[in-house]
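Residue numbers (this note's numbering), protein chains in the order written: chain A, 192 to 368; chain B, 6 to 276.
Some clues are possibly wrong.
[What the hints assert, rightly or not] Simulated crosslink set (DSBU-like; lysine-lysine; CA at most 35 Å straight-line):
(1) Lys172/B with Lys116/B
(2) Lys172/B with Lys39/B
(3) Lys187/B with Lys198/A
(4) Lys17/B with Lys39/B
(5) Lys109/B with Lys39/B
(6) Lys116/B with Lys219/A
(7) Lys302/A with Lys287/A
(8) Lys168/B with Lys230/B
(9) Lys116/B with Lys85/B
(10) Lys117/B with Lys219/A
(11) Lys85/B with Lys219/A
(12) Lys221/B with Lys75/B
(13) Lys109/B with Lys187/B
(14) Lys117/B with Lys187/B
(15) Lys187/B with Lys230/B
(16) Lys172/B with Lys219/A
(17) Lys219/A with Lys114/B
(18) Lys221/B with Lys187/B
Hints in this document: simulated from the structure, not taken from any laboratory. Being a predicted model, the structure only gives us computed values, none of them experimental.
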Amino acid sequence: MSDNILKELCNRLLNLFRQTEAKEDNAKDIACNRLRVVLMQDRTNLTPELLQRMRRELVELLSKYVEMDKDALELNFDQEGDQMALMLSIPVIRAKDEEEIEKALAEEDAKKEAETSEEDEELEDEASDEEIGKREEANEAEETESEEDDSEEEDDEEIVEESEDETKEESKEKDKE
Amino acid sequence: MTGRVIVITSGKGGVGKTTTNANIGTALARAGNKVVMIDTDLGLRNLDLLLGLENRIVYTIVDVVEERCKLKQALVKDKKNPNLCLLAAAQTRDKTAVTEEQLKDICDKLKKDFDFILVDCPAGIEQGFQNAVAGASEAIVVTTPEMSAVRDADRIIGLLEAKEEIKSYRLLINRVRPNLIKSNDMMSVEDVVEILSAELIGIIPEDTGIITSTNKGEPIVNDDKSLAGMAYRNVAQRIMGEEVPFLNLEEETSVVAKVKKFFSNLIGKEK
């Protein structure tokens with residue numbers, strides 16, 4: 192009898208200790224996580240706004256190729272020794288079929304064409320930061336396309352050449368909308 | 006003789022740069038090295054106080070630079086250890102009184118007569134820091150397991166990495182409180198090392214003895230019973246190239262830990 196009571200008492204006490212230990216948001220973890228975020232900003236010169244934008248642009252870019260869970264996208268900087276790495280993790284919901292990808296790419300190219308022609312006109316005007324951003328965006332997209340879609344590139348170019356005038360009109364209509 | 010010039014820096018103030026300097030310097034001298042400490046915190050000098058030498062200062066680094074005395078005249082010998090010297094900062098001048106070139110020149114001259122030249126760097130990343138770093142080829146970055154100190158240490162490490170003259174830097178984590186780390190209320194040494202990804206040279210436990218030793222003007226390394234003193238002596242040995250294991254501060258000493266251990270043992274026996 193007394194043995195059981197003692198056992199029960201011990202168990203309860205142990206549970207009490209375990210509970211205090213199991214606090215997930217302990218001060219140490221909070222400090223570590225806050226520090227990691229703040230150091231990432233210090234080291235990369237990326238403000239939270241810029242990170243948000245990078246996220247948005249990455250989603251935009253990658254959505255052309257795969258259908259993914261946009262809200263679950265995780266963007267982290269990892270430090271391994273002296274080397275800093277950008278870690279991107281996105282759950283893929285579904286692979287897109289070729290037609291969809293081609294269509295998305297064609298739309299993208301058309302948009303770019305339209306933009307460059309517009310930019311030519313606007314060149315004399317002062318270039319705002321946003322425009323520079325857009326240009327970079329477009330360049331990035333171009334690079335990734337050429338890296339990843341070597342095989343499709345030729346087809347794409349053909350499509351663009353054939354439908355250059357049409358797509359320009361299309362995109363202008365879109366802009367109006 | 007070509008001495009090693011080591012700058013002791015932190016970015017943030019109040020993390021224990023000067024205490025570290027006084028203790029490592031004293032420990033290195035006790036081990037038989039010829040050591041000189043340079044206080045570059047012009048206008049806010051304190052190293053003289055920690056060493057108990059405040060009444061012996063005649064000339065300062067500014068007097069040397071402005072040629073009112075010879076370099077050797079300005080070196081104040083320690084009370085106990087003739088191997089240990091201090092080149093004090095001027096209390097009445099500001100950071101512009103000495104330039105980077107002048108400090109580098111002083112370090113180069115001292116290298117011929119001393120094994121170690123320890124440069125005590127002022128807090129901040131402005132000209133005072135640039136001056137202190139100018140003559141050094143090694144650095145010890147002092148931090149504590151607190152967010153602001155770690156963040157500033159990261160900044161300092163970035164600046165040190167950009168300096169060609171600095172060949173190596175190592176991290177000293179000061180004011181470690183094992184009980185707070187145990188209860189997950191404070192970042193551990195491992196956390197700090199991982200976040201800063203720097204090589205470790207020492208872990209110094211928080212020790213109330215530091216306060217009394219500062220008050221007496223007697224570095225704690227001279228107290229053979231003090232844990233912090235032992236930790237500093239170990240740092241000095243590591244600087245000298247010896248391999249010394251880090252102190253185990255994780256020993257469970259709190260009452261809660263003891264009670265917990267008691268009950269775990271009891272349950273273990275019951276089964």
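Given pair status - Lys230/B, Lys168/B, alpha carbons within 35 Å: 39 Å, violated
Pairwise hint evaluation, Lys39/B against Lys17/B, where the allowed Cα distance is 35 Å at most: 29 Å, holds
Agreement of Lys221/B and Lys75/B with the hint, judged by alpha carbon distance not exceeding 35 Å: 30 Å, holds
Satisfaction of hint between Lys187/B and Lys221/B, Cα-Cα up to 35 Å: 32 Å, holds
Given hint Lys114/B paired with Lys219/A - CA-CA distance at most 35 Å: Given that 35 Å is the threshold and the Cα spacing comes to 46 Å, the pair is violated.
Given hint Lys39/B paired with Lys172/B - CA-CA distance at most 35 Å: 22 Å, holds
Given hint Lys85/B paired with Lys116/B - CA-CA distance at most 35 Å: 22 Å, holds
Proposed proximity, Lys39/B with Lys109/B (alpha carbon, max 35 Å): 19 Å, holds
Given pair status - Lys219/A, Lys85/B, alpha carbons within 35 Å: 42 Å, violated
Restraint status (C-alpha distance of Lys302/A to Lys287/A at most 35 Å): Between Lys302/A and Lys287/A the Cα gap is close to 21 Å, so the pair holds against 35 Å.
Straight-line alpha-carbon gap Lys117/B to Lys187/B, limit 35 Å: Given pair Lys117/B, Lys187/B is violated - Cα atoms ~47 Å apart, limit 35 Å.
Straight-line alpha-carbon gap Lys116/B to Lys219/A, limit 35 Å: 43 Å, violated
Comparing the model with each earlier hint shows violations of hints 6, 8, 10, 11, 13, 14, 17; every other hint is respected.
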